[in-house]
Amino acid sequence: MIVDNALYHQGKRVPLGEGDDQSLGAVRVPCAPGDFQWIGVHDPSREELAVIADTFDLHPLAVEDAGDSHQRPKLERYGRTLFLVIKTLWYVDEEDAVETGEINMFVGRDFVVTVRHGQGIDLAASRRDLEDRAQVLEHGPMAVLYAVCDRVVDEYERVGAALEIDVDEVEESVFSPARTDDSTRIYVLKREIAEVRRAVMPLREPMRKFATAADDEITAETATYFRDVADHLQRVSEVVDNLDGLLSSAFDAHLARISVQQNEDMRKISAGAALIVVPTLIAGIYGMNFDHMPELHWAYGYPFALLLMVGVSLGLFAWFKKSGWL
Amino acid sequence: MIVDNALYHQGKRVPLGEGDDQSLGAVRVPCAPGDFQWIGVHDPSREELAVIADTFDLHPLAVEDAGDSHQRPKLERYGRTLFLVIKTLWYVDEEDAVETGEINMFVGRDFVVTVRHGQGIDLAASRRDLEDRAQVLEHGPMAVLYAVCDRVVDEYERVGAALEIDVDEVEESVFSPARTDDSTRIYVLKREIAEVRRAVMPLREPMRKFATAADDEITAETATYFRDVADHLQRVSEVVDNLDGLLSSAFDAHLARISVQQNEDMRKISAGAALIVVPTLIAGIYGMNFDHMPELHWAYGYPFALLLMVGVSLGLFAWFKKSGWL
Amino acid sequence: MIVDNALYHQGKRVPLGEGDDQSLGAVRVPCAPGDFQWIGVHDPSREELAVIADTFDLHPLAVEDAGDSHQRPKLERYGRTLFLVIKTLWYVDEEDAVETGEINMFVGRDFVVTVRHGQGIDLAASRRDLEDRAQVLEHGPMAVLYAVCDRVVDEYERVGAALEIDVDEVEESVFSPARTDDSTRIYVLKREIAEVRRAVMPLREPMRKFATAADDEITAETATYFRDVADHLQRVSEVVDNLDGLLSSAFDAHLARISVQQNEDMRKISAGAALIVVPTLIAGIYGMNFDHMPELHWAYGYPFALLLMVGVSLGLFAWFKKSGWL
Amino acid sequence: MIVDNALYHQGKRVPLGEGDDQSLGAVRVPCAPGDFQWIGVHDPSREELAVIADTFDLHPLAVEDAGDSHQRPKLERYGRTLFLVIKTLWYVDEEDAVETGEINMFVGRDFVVTVRHGQGIDLAASRRDLEDRAQVLEHGPMAVLYAVCDRVVDEYERVGAALEIDVDEVEESVFSPARTDDSTRIYVLKREIAEVRRAVMPLREPMRKFATAADDEITAETATYFRDVADHLQRVSEVVDNLDGLLSSAFDAHLARISVQQNEDMRKISAGAALIVVPTLIAGIYGMNFDHMPELHWAYGYPFALLLMVGVSLGLFAWFKKSGWL
Amino acid sequence: MIVDNALYHQGKRVPLGEGDDQSLGAVRVPCAPGDFQWIGVHDPSREELAVIADTFDLHPLAVEDAGDSHQRPKLERYGRTLFLVIKTLWYVDEEDAVETGEINMFVGRDFVVTVRHGQGIDLAASRRDLEDRAQVLEHGPMAVLYAVCDRVVDEYERVGAALEIDVDEVEESVFSPARTDDSTRIYVLKREIAEVRRAVMPLREPMRKFATAADDEITAETATYFRDVADHLQRVSEVVDNLDGLLSSAFDAHLARISVQQNEDMRKISAGAALIVVPTLIAGIYGMNFDHMPELHWAYGYPFALLLMVGVSLGLFAWFKKSGWL
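Residue numbers (my numbering), protein chains in the order written: chain A, 2 to 327; chain B, 2 to 327; chain C, 2 to 327; chain D, 2 to 327; chain E, 2 to 327.
The set of hints was computed from the structure by calculation and includes no laboratory data. One or more of the hints may lead you astray.
The list treats identical chains as interchangeable, and a pair is accepted whether it falls inside one copy or across any two copies.
Stated by the list, open to error - For lysine to aspartate or glutamate, the following DMTMM-like pairs were computed, each having C-alpha atoms within a straight-line distance of at most 25 Å:
1. 322 to 77
2. 323 to 182
3. 75 to 49
4. 13 to 123
5. 322 to 222
6. 75 to 206
7. 322 to 182
8. 322 to 48
9. 75 to 55
10. 75 to 156
11. 13 to 170
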């Protein structure tokens with residue numbers, strides 16, 4: 002679906018069409034120096050992509066990648082066109098889960114093509130924000146690239162913050178006196194952290210390249226802005242590494258607590274058993290058939306025996322309480 | 002077994018023979034610039050290899066390696082001839098297992114020799130596909146090298162996807178409430194992942210070399226295609242690394258669940274034991290031989306005792322149920 | 002809150018104002034060569050930062066970072082101004098906890114702006130110390146940078162030393178014969194060590210840069226001093242790495258001890274059970290109703306039975322003691 | 002013990018003496034260009050080494066190392082003489098154990114000194130093989146170096162293959178239904194793998210140096226052969242790394258199985274206990290002394306009680322069988 | 002305490018004083034080219050260090066480090082003076098413990114200052130050894146540096162060898178059939194290995210620098226000797242890495258054995274319990290009060306019952322023995 006196609010002339014939008022008109026993909030406007038065209042598509046069909054590829058003369062290998070939503074983040078240069086794949090991440094509160102999407106960008110001298118797969122990051126909003134800042138748009142296609150990366154990485158940081166809260170909850174649950182089976186929760190979190198890492202790690206090298214102006218298209222001033230993005234990316238990556246380490250430690254502690262609890266249970270059970278077994282011995286004794294057992298003939302022999310059982314059990318109970326077995 | 006031997010002239014096949022004729026190995030056609038000869042062998046005998054080595058003037062060390070099917074992936078240059086060893090992988094659904102084979106390729110200025118060991122990847126199909134695309138074949142021997150690598154790495158991705166499904170199944174089994182012994186399955190998967198890794202990891206450096214046109218034989222345009230292969234290889238390697246990490250976490254969770262289950266079992270058993278032992282105590286008490294035990298002489302003493310036993314057991318049962326022990 | 006703003010002329014303080022006057026931020030004094038102005042702020046409002054940024058012409062991205070107290074340590078150059086983010090750490094004895102704050106520094110040719118977030122390190126004291134050493138202040142803004150880094154890293158070492166004591170305590174507790182649940186303590190310490198590492202690790206690269214005079218502003222003599230800071234930083238990082246490894250080993254030992262203790266408990270319980278169950282068997286035997294059981298008719302049959310029970314129990318007790326089960 | 006000392010003239014042996022004559026060490030023949038002298042010693046005494054060192058003008062530090070059989074593999078250059086330490090490994094089937102020895106080689110322009118410690122690799126055989134291939138010997142001392150390295154690394158591969166079989170056996174044992182204590186076997190194998198690694202790892206750098214002709218003595222042609230050795234070394238190193246990983250996974254699986262077995266044992270024991278305890282309760286009930294217990298007066302009360310016990314036990318047995326506890 | 006101060010002229014000692022005279026620190030002799038002065042101090046006071054620093058014009062930062070005995074090993078250059086910190090290690094047999102000390106060395110063109118903290122390595126002995134080898138001393142201050150490093154690293158090797166014996170003992174204890182709690186011993190050894198590593202690892206870089214003659218003061222001939230030291234250092238580091246890995250594996254095996262033993266104990270206990278519980282059931286049966294129980298009236302009913310109990314127990318015992326539970 003082609004979402005938008007506009008020309009940006011001296012930082013101002015010159016609309017070329019709006020929304021879902023397939024013919025829009027083939028609109029190519031001759032650009033004055035400094036101007037550029039930005040076309041945005043969402044979950045495009047093969048045909049839409051083919052039209053756009055043809056219009057902007059994109060490399061077939063990159064177009065093939067752009068049509069597939071399971072790429073890894075990467076930056077590639079085909080002639081004068083940059084091709085950037087970036088994973089989008091967002092946190093869905095209702096499910097405590099991290100969702101992923103993908104944005105592919107073709108950045109040429111005078112055009113930007115953004116191909117979005119999945120939900121999560123609203124590029125239309127990014128575009129509107131950007132259109133309000135003419136002085137940024139004047140920097141041309143790289144400004145769009147920066148704006149999108151900045152937006153995506155900001156979302157990464159929100160995801161990181163949400164995961165930090167989740168890990169805090171797991172921690173609390175592990176160390177609470179309640180008996181909890183936290184291994185499932187820890188596993189799910191580890192899996193999500195791995196997902197974040199797979200989005201973040203491969204993106205660091207492209208951002209570093211932009212930040213150090215290693216690519217010719219980047220000016221020193223633009224590089225400063227990408228340095229900021231790279232720095233945030235580094236922060237996210239350190240946050241998730243740290244969370245991963247904490248989860249591993251929390252899991253170990255969880256295992257230790259299971260063992261400790263089993264030990265406590267065993268001791269409680271044994272103490273409880275003693276409270277039954279000892280009176281049973283007493284009952285057994287007074288069930289013996291000796292001719293001469295004086296207690297049997299006492300008037301209060303039976304209550305005595307019952308009291309003896311209760312007394313011994315109470316004594317044992319007190320002793321176990323004192324020694325921490327009950 | 003010599004499978005095929007053909008000359009490619011301006012991207013078109015000029016057949017030199019077909020199939021299992023041992024003399025084919027010695028056929029060497031003088032090539033015009035841009036043309037090349039492609040000979041394919043499958044599980045060759047020492048003699049067949051010797052003939053071919055002689056015909057194409059291959060280095061004895063490389064020929065020795067090509068005759069052995071337990072090489073590690075590597076790229077070596079002997080004079081003007083490249084020698085590439087690549088492991089083939091494919092997933093056999095019936096056995097849930099990854100199988101491995103090997104392809105050795107000698108790539109010269111005007112010839113390609115492909116030596117295949119084991120099943121799995123059908124090079125004849127790759128050759129037919131390639132023959133349909135004359136414009137690719139025109140790029141000469143490196144096009145064949147690319148086509149084979151692309152085919153093999155595509156199969157790696159399929160293997161990776163199949164392993165992802167297997168890991169999902171293990172995950173489900175580990176976290177299902179059923180009692181399962183998943184350690185064998187996890188071990189087997191880890192072993193298969195290690196096998197994939199041993200095929201993928203050493204191949205990355207050769208593909209990177211091609212992708213960056215570090216070798217003189219590679220033009221910038223060809224390099225772009227190898228960059229695509231290298232990227233897919235990187236993706237496979239990240240997938241299996243991720244799966245390996247997930248399996249380790251799943252195994253840890255499995256261990257934790259075993260402990261938790263043992264704990265639950267122990268508590269269930271103890272609670273069950275209490276249901277027997279407490280009535281036994283009561284029976285013991287009424288088995289005592291005191292002269293004065295009023296209950297013994299009650300008309301309904303016996304049913305009273307039985308009811309007492311049942312009542313106490315039911316009380317315990319309710320209490321254990323409530324406290325989660327049963 | 003603007004804390005202080007002063008001019009340093011030939012190593013001597015020329016006060017420009019003192020304390021919490023917001024207008025101070027806009028005071029900018031023309032500096033003779035070698036002189037510099039140092040303004041210190043603590044938990045500044047957006048407005049205060051904006052005034053200062055305007056006064057000293059600071060880059061907006063750096064100012065944005067400086068207003069946020071959750072940065073990672075980093076060094077960045079914006080034109081001729083260095084921007085350094087450094088985490089402060091200190092150990093609160095009452096809570097056995099490591100606290101963190103942050104200092105942001107802008108260092109230009111003739112000015113220093115220090116922005117402090119959180120408590121812990123008293124920059125006012127550092128400033129007074131420095132003002133007493135005119136020959137250091139004469140080195141200009143980099144002397145201030147050095148003084149702050151040195152102060153902060155000294156505090157890191159104190160934190161490292163405090164953690165060493167904590168780890169020693171954990172160690173003692175793990176290996177004491179007492180039953181202790183050390184997993185929580187170990188987890189908390191690991192978490193704190195991770196915090197220290199996150200402050201220390203990213204700071205090493207900036208300090209190394211200063212120490213090798215990789216930045217033009219640094220003279221060889223100043224570099225020597227930063228080499229000292231970098232060396233201390235390295236020491237802290239080795240200390241916490243070592244502590245982390247020790248904690249992991251201590252945790253493993255803790256797990257082993259839990260298992261060993263469970264085993265001992267199980268044996269103790271079993272031995273204890275035997276002391277009850279064997280006499281119960283004896284009582285059961287003399288409770289049998291055979292017509293001909295000579296012991297039942299002995300005058301001392303009953304005491305004999307009791308003595309037999311006690312004797313067997315004592316024998317078992319001695320045997321269990323000897324074999325280490327009790 | 003001096004084993005052999007010969008001159009090689011145009012690839013042909015000119016014997017200078019045979020076997021254990023101590024004076025042989027001092028024999029030094031003037032060599033024509035291309036010729037070289039090869040002296041082999043086995044477990045030499047200090048005196049023998051001193052004589053040889055004197056004869057060939059070897060560096061005292063290298064000679065000291067050569068006299069000691071606990072060196073790590075390394076390559077060092079003393080002036081124009083190369084000094085290579087290489088560990089020999091071989092697998093003793095009877096003991097399922099890896100044994101180690103050591104070969105030290107001094108390689109000069111026109112001489113080779115090989116100093117062998119321990120058993121395992123028969124250099125005399127290598128020498129005879131080499132003497133049969135005059136065209137190799139013509140390459141001079143580096144050919145000897147290659148021949149020895151090739152021989153030693155071939156043996157590494159045999160050791161690797163033997164360890165693979167051992168790991169397969171351990172795997173089978175771990176996953177067999179039988180109760181096995183595999184931890185000792187796994188430990189011993191891990192220890193042997195560590196030994197192999199200590200022989201292989203440090204040797205990779207010297208072989209890489211030879212393979213890339215980084216040393217002036219190596220011609221491109223010779224380098225090709227060393228590349229083959231380096232490749233085999235790499236293969237061994239990957240094999241043992243893989244085995245080490247498999248052993249770790251197998252050990253984890255072993256631990257999991259111990260836990261699972263303990264759990265099964267516990268359930269079996271509990272079920273068995275129930276089969277005894279429930280009849281005991283029944284016996285206890287009919288041992289009560291109530292005046293009015295009709296069953297006691299039944300003609301077939303006793304057989305009824307016994308049948309009740311057996312019936313209840315059989316019922317429990319069936320139930321436990323069905324639910325997998327027995 | 003100033004231990005010694007001497008001038009070495011053409012490799013021969015010209016004594017300037019002996020032992021604990023504080024004024025010795027200020028003695029500075031003009032040196033002819035090739036001569037040098039060597040002053041040795043042990044646990045110096047601040048004043049002694051200040052005098053020496055003044056006499057030899059040492060950098061205040063280095064002097065501050067030298068006065069503190071908790072430095073990490075490092076090499077620094079202050080102008081023309083090298084400053085080397087090296088940790089000394091030695092093994093105290095009585096306590097099975099590794100002790101640490103520290104040597105700081107200032108090496109200038111014509112002087113060496115050695116500052117020793119703690120016991121363990123006797124520098125006076127090293128000095129006497131060196132004084133006996135005039136041809137070494139003629140190499141000037143670097144010869145002293147070499148001699149001290151060589152001495153210290155030799156001691157590292159002795160420590161490594163002692164730790165190897167300790168690890169062997171632990172191994173034997175872990176795999177002995179006896180029940181041992183080896184976790185404490187393993188922990189202590191791991192801690193000591195970490196200590197060795199902290200002494201060895203940071204020293205490798207300085208030694209490598211000397212060995213490759215990266216520092217201008219080092220001649221190629223001297224470099225050869227430092228290469229020997231660097232090689233020994235490498236050997237120690239590999240030994241302790243290997244020991245650390247073995248200890249981790251041994252610990253894992255220890256854990257596995259605890260589990261196996263617990264399992265065996267549980268089975269033994271259960272079998273033992275069965276030997277008591279089954280006769281108790283028999284006693285219970287003959288304690289029932291049925292009117293018609295023929296055995297009760299047999300003349301030999303009682304012995305029959307006792308024999309039945311013993312017989313059943315013996316049968317169970319044999320069965321448990323056979324199935325490995327007892």
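Here is what the structure says about each hint:
{"no.": "1", "hint": "322 to 77", "result": "neither (70 Å within a copy, 63 Å between copies)"}
{"no.": "2", "hint": "323 to 182", "result": "between (30 Å within a copy, 19 Å between copies)"}
{"no.": "3", "hint": "75 to 49", "result": "within (23 Å within a copy, 41 Å between copies)"}
{"no.": "4", "hint": "13 to 123", "result": "within (21 Å within a copy, 50 Å between copies)"}
{"no.": "5", "hint": "322 to 222", "result": "neither (73 Å within a copy, 69 Å between copies)"}
{"no.": "6", "hint": "75 to 206", "result": "both (8 Å within a copy, 18 Å between copies)"}
{"no.": "7", "hint": "322 to 182", "result": "between (27 Å within a copy, 19 Å between copies)"}
{"no.": "8", "hint": "322 to 48", "result": "neither (77 Å within a copy, 63 Å between copies)"}
{"no.": "9", "hint": "75 to 55", "result": "within (23 Å within a copy, 38 Å between copies)"}
{"no.": "10", "hint": "75 to 156", "result": "both (18 Å within a copy, 22 Å between copies)"}
{"no.": "11", "hint": "13 to 170", "result": "neither (47 Å within a copy, 53 Å between copies)"}
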